[in-house]
Amino acid sequence: MEHAVEMRGIVKIYPETGLRANDGVDLTLNKGQILCLAGENGAGKTTLMKVLYGLEKPDAGTISVMGNPVSITSPLQANRLGIGMVHQHFMLVDDFTVAQNVTLGKEPLKGRFSYDLKGAADAVDAVIRKHRFSIDATKRVGSLTVGQKQQVEIVKMLYRDVDILILDEPTAVLTEQEIESLFITLRALAEHGTSLILITHKLHEITTISDRVAIMRQGAMVGDFPTDSVDGKQISRLMMGQSVSLVVDRLPYTPVQHPVLRFDNVSVLKRNQQRPLLNGVSFTARSGEILGFAGVGGNGLGVLEAVLGGFLPISSGAIVHKDEDISRLDSHALRKRGLAYVPADRLQVGSALQAAVSENLIVDARNEFSRHGVMQRKKIEQHAQSLLKTYSVKGSPSMPIGTLSGGNIQKVILAREITQYQDYIVFSEPTWGLDIASSRFVYERMVQLRDEGAAVLLISSNLDEILAVSDRVIVMYRGTIVAVLESEELRHVTKEDMGAYMLGLRQQEAPHG
Amino acid sequence: MVDRMEKRRVTIVATLRNSIGAVVIVGIALAALVVLSLLLSETPMKTLRYFFLGPVQNTYYFGNMLNMAIPLIFGGLGVSLAMRSGSFNLGGEGQLYSGAFVATISALALARWGSAGVVVALLLGTCTGGLLAALSGVLRMKWNTSELITSFLVSNAVVLVVSYLIAGPFMDPATNLIATRMIPESFRFTRILEPSNLSSALFAAVIAVLVVHLYLYKTKSGYELRLFGLNPRFAAYGGIRTKWYQVWPMFLSGAFYGLGGGMAIFGTYYACMKEFSTGMGWNGLAVALIARHRPGAVIPAALFFAYIESGARNAMLHSDVTFEIASIVQSVVFFLVTSAVLQKIGSVQRRSV
Amino acid sequence: MNPVAIPVLHSAVAIMTPLLLAAMGGLFTELSGMLNIALEGLMLMGAFASIVFTHFTGNMVVGIALGVLASMLLAAILGTVTLHLKSNVFITALAANLFASGLTVVLSFKLFGNKGVVVFDGIASLPRLDIPVLAKIPVFGDIFIGHNIFVYMSWVLLALCAWVLYRTPFGFRLRATGIHEQAMVSLGMRPSRYRFIAFLVSGFTCALGGAMLTLNLGAFVPNITSGKGWIALVVIFLGQKKPIGLLFAALVFGFADAFSNYAQGAWNVPADFILAIPYVFTLVAMVLFSIYTSRKNRVE
Chain W
1 MEHAVEMRGI
11 VKIYPETGLR
21 ANDGVDLTLN
31 KGQILCLAGE
41 NGAGKTTLMK
51 VLYGLEKPDA
61 GTISVMGNPV
71 SITSPLQANR
81 LGIGMVHQHF
91 MLVDDFTVAQ
101 NVTLGKEPLK
111 GRFSYDLKGA
121 ADAVDAVIRK
131 HRFSIDATKR
141 VGSLTVGQKQ
151 QVEIVKMLYR
161 DVDILILDEP
171 TAVLTEQEIE
181 SLFITLRALA
191 EHGTSLILIT
201 HKLHEITTIS
211 DRVAIMRQGA
221 MVGDFPTDSV
231 DGKQISRLMM
241 GQSVSLVVDR
251 LPYTPVQHPV
261 LRFDNVSVLK
271 RNQQRPLLNG
281 VSFTARSGEI
291 LGFAGVGGNG
301 LGVLEAVLGG
311 FLPISSGAIV
321 HKDEDISRLD
331 SHALRKRGLA
341 YVPADRLQVG
351 SALQAAVSEN
361 LIVDARNEFS
371 RHGVMQRKKI
381 EQHAQSLLKT
391 YSVKGSPSMP
401 IGTLSGGNIQ
411 KVILAREITQ
421 YQDYIVFSEP
431 TWGLDIASSR
441 FVYERMVQLR
451 DEGAAVLLIS
461 SNLDEILAVS
471 DRVIVMYRGT
481 IVAVLESEEL
491 RHVTKEDMGA
501 YMLGLRQQEA
511 PHG
Chain C
1001 MVDRMEKRRV
1011 TIVATLRNSI
1021 GAVVIVGIAL
1031 AALVVLSLLL
1041 SETPMKTLRY
1051 FFLGPVQNTY
1061 YFGNMLNMAI
1071 PLIFGGLGVS
1081 LAMRSGSFNL
1091 GGEGQLYSGA
1101 FVATISALAL
1111 ARWGSAGVVV
1121 ALLLGTCTGG
1131 LLAALSGVLR
1141 MKWNTSELIT
1151 SFLVSNAVVL
1161 VVSYLIAGPF
1171 MDPATNLIAT
1181 RMIPESFRFT
1191 RILEPSNLSS
1201 ALFAAVIAVL
1211 VVHLYLYKTK
1221 SGYELRLFGL
1231 NPRFAAYGGI
1241 RTKWYQVWPM
1251 FLSGAFYGLG
1261 GGMAIFGTYY
1271 ACMKEFSTGM
1281 GWNGLAVALI
1291 ARHRPGAVIP
1301 AALFFAYIES
1311 GARNAMLHSD
1321 VTFEIASIVQ
1331 SVVFFLVTSA
1341 VLQKIGSVQR
1351 RSV
Chain D
2001 MNPVAIPVLH
2011 SAVAIMTPLL
2021 LAAMGGLFTE
2031 LSGMLNIALE
2041 GLMLMGAFAS
2051 IVFTHFTGNM
2061 VVGIALGVLA
2071 SMLLAAILGT
2081 VTLHLKSNVF
2091 ITALAANLFA
2101 SGLTVVLSFK
2111 LFGNKGVVVF
2121 DGIASLPRLD
2131 IPVLAKIPVF
2141 GDIFIGHNIF
2151 VYMSWVLLAL
2161 CAWVLYRTPF
2171 GFRLRATGIH
2181 EQAMVSLGMR
2191 PSRYRFIAFL
2201 VSGFTCALGG
2211 AMLTLNLGAF
2221 VPNITSGKGW
2231 IALVVIFLGQ
2241 KKPIGLLFAA
2251 LVFGFADAFS
2261 NYAQGAWNVP
2271 ADFILAIPYV
2281 FTLVAMVLFS
2291 IYTSRKNRVE
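Protein chains in written order, with this note's numbering: chain W, 1 to 513; chain C, 1001 to 1353; chain D, 2001 to 2300.
Keep in mind that the hints were calculated from the coordinates and are not lab data.
You may find that some hints are simply not true.
Calculated cross-link-like contacts (lysine-lysine; reagent style DSS-like; alpha-carbon spacing at most 25 Å) [to be verified]:
1. C:K1243 with W:K336
2. C:K1220 with W:K336
3. C:K1142 with W:K270
4. W:K336 with W:K378
5. W:K379 with W:K336
Label-pair restraints from in silico Cβ distances [stated by the list, open to error]:
6. D:V2156 with C:R1241: 48 to 54 Å
7. W:G24 with D:T2080: 37 to 43 Å
8. C:L1317 with D:V2284: 42 to 48 Å
9. W:D59 with D:V2284: 55 to 61 Å
10. W:I13 with C:V1056: 34 to 40 Å
11. W:G406 with C:V1211: 53 to 59 Å
Note that the structure is predicted; figures quoted are calculated from it, not measured.
Note that beta-carbon positions come from the ideal geometry of N, C-alpha and C, so glycine has one too.
The shape of chain W in the complex, shown without the other chains (with noise of 0.2 Å):
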């Protein structure tokens, strides 16, 4: 069987941190074939892909595509010999029809200058039946939901008659069944000829979709078998060195707490908005329990998370604290009585990454680091010492915390956080990018604040997360709560339940948290 891309020795160092993203990678995908590019998060499966779309220039190595060697200097040269990639974060342009996001850069003309809007309606149409897409190319982009997007992003590739399809993370932010279509979709392209990788870590995603996988780890090629030939403990094995296990040890959950915080029938309403942000959300936190909350993004996580921040002011309803009504406190009152909070975005919401690690350490207690308004330099840098050695951070308290690494930030985050924290703390995301190392050791802190009697919130969209660690689970789709699981209830509730839930194909009656 012919090669459709081989790629030998290839090394990649960025020039700014001098890390070795690839260090002599060698990979071939054969036509016709669903490749997994497995591995953890700074493997060096994206700039493997970056690589080969022209999107980075290796420093070393060599590339052929159907056989004939090429250097790929731009994604343009690339899409010309047939290589497409779908990023992970969408490259959409929301004011944009989908077929007006589809043809740019290769726009239809109508005469010799003006673009032939109708003309690339169509031949985007064309593409969309071919292989069976549900979605309208007349339709705004902005207007489509994540999974529909994701459609665009591979008909924009299929246009340009790509017939090597990267991906990267695709199922990410889809839900299962999103995600089951578009597997389907997938195969059908692998059978009319197509050759596709599929970047990933999860491994039942592996199993499920592909021919061959190939494992990354610190930059090197570790293991590329195929997929029949290997179980999911292996791949695991190889992806991280050694087995980690993400259950934690805790303390059975006993069901005799006292409440701590109070959602009552709470909505957040926005003008020109058809439906409500949060539409009569009702729950109680109690302490010494994780309460997760899941569901599909855009469905009302973001907004909770803004609320119970004291970002967004809430329309009707009470939010009630230890028996105050703190509905109207915003992030500055709130911060005063004690709110702990990790929030989703920890590069944009949760660190100043230009200032010193100290100085993001003291954000929320600055009134103790401070004597009639001077700052107390040496108590400051104490305390930075500290939480570092505790939370064993790889850095050093002066340094920009943007030098650090993500895992390295977060822990930053959480040691603050915790540090803060009276009687109950928000998760959001808390593990959203990090590997299985650092996600276990944000799972550990959890159980532990939960363990010492916090009442811990964890908004999550990652279901294997929210599974693993909560004693309750809230459901939320479109801005409303479908589904309260009981902690008995949670053991034996399946993924594929879940996924109804969350895409509000199914709703308990009258749920209430």
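Fit chains C and D to the given chain W structure using the hints.
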């Protein structure tokens, strides 16, 4: 001990490397000046001699150059504070001019108060500048109106209104100049480098630099201001009052401009002349940019600007070019000063060593 | 219609033209994702160069063409420094303004020995057009006729801009650059290329706006643009970044200006106050507009 010495050596080397970019930029600007002189002047060598050596040829010119730097230092500090908090203050022209004007008429009104009057008059001028800038801060806080554009618009309108007031109700009928009356003798700062215009306002400028430095790096408010500037969302998340830091730094920024204006009157001009401060506000902005919003670096940046201005003035007096040649040199600095590529020059060398 | 209103509106249409021209070019840079505060400087450059070249060549068309070229050259410098030396566009644009105001005075001094107003006697006034069809527009007909050629040209250019932005591949790519730069990169297109062209376009239209100011007057006055480039920026925001919006926003400012000119004559208001009116008016308009948008986005 050895460790500390090594640390200091590393710091010094790092500082020098970081300055390579700045040196290159200054070099290019001066090269532009040479080219301009060759093109525009019949006697380029003479022009260049007066330009480069004029400002330092005797105490008179040297003192005047230092004096010119004073309002630039105040303006530079003001802009630095705003920039550090993530706000743009483009209204320096109006804030400085109106601050000077209010300080002048207050001095005239408080003539009998003596030195207490000096303080009150300067304070009033300072507040005028501060409030004008704070207005833009309030608009941004309430309705997210771009403070960059509003501060510019307010300033332009205010300049015209102040000019009207000077030429109209407050004009001194005794002179031919379009200016207010002269402030009383007792309000004037002592001259410190006769026969030049340099006054003791210089000390005030140096103290102001120190105060701003301590405020930014040693106080809680300064910490909050800097964090808000670095990442407003993080500041809000950490419970810092973000509304306050959209207004307060703008106030401080305008206040320093206003103070600079008052200082210029009490130290140098003694009367508020129509449009006496044209360009000072923009130059304060330039100074802050070259200093990259670090208060300590404001002094050398202000001196550099004052040097170019007084060089151009000298060249104009003694040779055949016009003063605006300074704007062109300054614009070259502006073009290059934020270049990420030029700033990297130092670090590229580090790798090749 | 009120006999006062017609002449005021008529002159509003003329006064708005330089604003409209500058705002058009600014729209390109704005949509490409750059806040271009150099419109003022580009206008000034075009204003000075156009009349000076017209004076020396004796031909207005050649003069304007060379004036446009000068302004585009400055825009090219601005683009290169910003995009290739990776500088802050805000600061470099400020530099372009400073450069233009310095260079025009320096050259005026060098060429004419005069730093103040330079009057060019030999320059014919701008040709005026009477387009009879426009006079037939009910009520407003009179205010659209008898303007100079720049006024009508600006309308044609505006239509052309709208076509380029919304009906050509270039327009879509330019707007995509402003909305989602990485989307362009991922398809192998260089955002800096589109931004550079946007700078050139702004140089082109600003120069025309500036040329209209000096050629209409037959003289160059230092800083003749007097904040028009800034107001053009506000026109872009108030016009909601749409070509047709620019037309209405520019007309509002033209009217404010025309009205203050009228007020000066009719009510004897001091000149400095009159000059301040456009700034105050712009400020109020900006504030009202931002109140409107913040209300629209507010949580109820």
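Taking the hints in turn, this is what the structure says about them:
1. C:K1243 with W:K336: holds (17 Å)
2. C:K1220 with W:K336: The given pair, whose Cα atoms are some 16 Å apart, holds under the 25 Å limit.
3. C:K1142 with W:K270: Holds - the C-alpha atoms of K270 (chain W) and K1142 (chain C) are around 18 Å apart, at most 25 Å.
4. W:K336 with W:K378: holds (24 Å)
5. W:K379 with W:K336: Measuring from Cα to Cα gives roughly 21 Å; hence the hint holds.
6. D:V2156 with C:R1241: 48 to 54 Å: holds (52 Å)
7. W:G24 with D:T2080: 37 to 43 Å: holds (39 Å)
8. C:L1317 with D:V2284: 42 to 48 Å: holds (44 Å)
9. W:D59 with D:V2284: 55 to 61 Å: Because 58 Å falls inside the window, the suggested range holds.
10. W:I13 with C:V1056: 34 to 40 Å: violated (49 Å)
11. W:G406 with C:V1211: 53 to 59 Å: Once the Cβ atoms are compared, 39 Å apart, the range 53 to 59 Å for V1211 (chain C) and G406 (chain W) is violated.
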